[in-house]
Amino acid sequence: MIFTFIIIAVTLIISFLSFSNRDLFDRLKFNAWLIKSHHEGWRFVSYALVHAGWAHLLINMYVLYSFGGFVEKSFQAYFGPKGLLYYGMLYLGGILFSTLWDYGKYKNDPYYNAVGASGAVSAVVFSSILLNPGSSIFIFPIPFPLPSWIFGILYLIYSAYMGKKGTDNVGHNAHFWGAVYGLVLTIILVPGVLQAFFSQFF
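Each number in this note's numbering comes from the position in the sequence shown (counting from 1) with 83 added on.
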């Protein structure tokens, strides 16, 4: 899981530096208006390297550590050396794809900003759910493990609802579309993964 460790290390370092350097933070954050009006296209990717605080950073990196290693190893088992390339496509594509909805929605709003790797992490988590449908997830404060596929369904419903409601500052749309991207890419890449997933239940 060397690639996962590299992603975590780079994200930790840049996020840490941005905590004490507001100019760096502002230069990297996602802002659809700046992308459109100032042609700052790097923000489609760079926002995933900075976070709103330690809790935001550590939660994202812990979840990536928990699921990323499995997906990385699975892709290598399926595709050999190309597995790392496809894993990179999963993570980077999750970063890019998860912002497209908000770009369309906020491209004329100079005050909307977003940071964090949550969209990419969602892509990895949902790829893992497809690859290992029998897995379980502990969600505080539920005192028992929740089957990962049930968590996935509830997570998508919650993210879609909260994204439409828009009453907080959490990037629910990025979570939703990152998850969708992870599912779709894994179905495209891994032969028979969808059939194998449903065979667990029928």
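No wet-lab data here; the hints were simulated from the structure. Quick reminder that beta carbons are idealized off the backbone N, C-alpha and C, glycines included. Hints may be right or wrong, so weigh each one.
Listed below are the simulated EDC-like cross-link pairs for lysine to aspartate or glutamate, each with C-alpha atoms no more than 20 Å apart in a straight line [to be verified]:
no., residue 1, residue 2
1, K112, E123
2, K165, D109
3, K188, E123
4, K248, E123
5, K190, E123
6, K247, D192
7, K188, D106
8, K248, D192
9, K119, D109
Label pairs and their calculated CB-CB ranges [as the list claims (entries may be wrong)]:
no., residue 1, residue 2, range
10, F284, K190, 40 to 46 Å
11, K248, F284, 30 to 36 Å
12, I240, Y195, 47 to 53 Å
The hints, checked one at a time:
With a C-alpha separation of about 11 Å, the suggested pairing of K112 with E123 holds against the 20 Å cut-off. Proposed proximity of K165 and D109 is contradicted: the alpha carbons are some 35 Å apart, above 20 Å. Pair hint K188 plus E123 holds up; C-alpha atoms about 17 Å apart against a cutoff of 20 Å. A threshold of 20 Å between alpha carbons decides the hint, and for K248 with E123 the separation of about 28 Å lies outside it, so the pair is violated.
Using a Cα cut-off of 20 Å, the hinted pair K190 and E123 holds, with the two alpha carbons roughly 12 Å apart. As the CA atoms of K247 and D192 are separated by approximately 17 Å, the hinted pair is consistent with the 20 Å bound. Our distance criterion of 20 Å between C-alpha atoms is broken by K188 and D106, whose separation comes to about 25 Å. For the hint linking K248 to D192, the alpha-carbon distance of about 18 Å falls within 20 Å, and the restraint holds.
Distance hint between K119 and D109 is fulfilled; the C-alpha atoms sit about 16 Å from each other, no more than 20 Å. For F284 and K190, the hinted distance range of 40 to 46 Å is satisfied, since their beta carbons lie about 41 Å from each other. Take K248 and F284: their Cβ atoms lie about 31 Å apart, and the range 30 to 36 Å holds. For I240 paired with Y195, a C-beta distance near 24 Å fails the hint of 47 to 53 Å.
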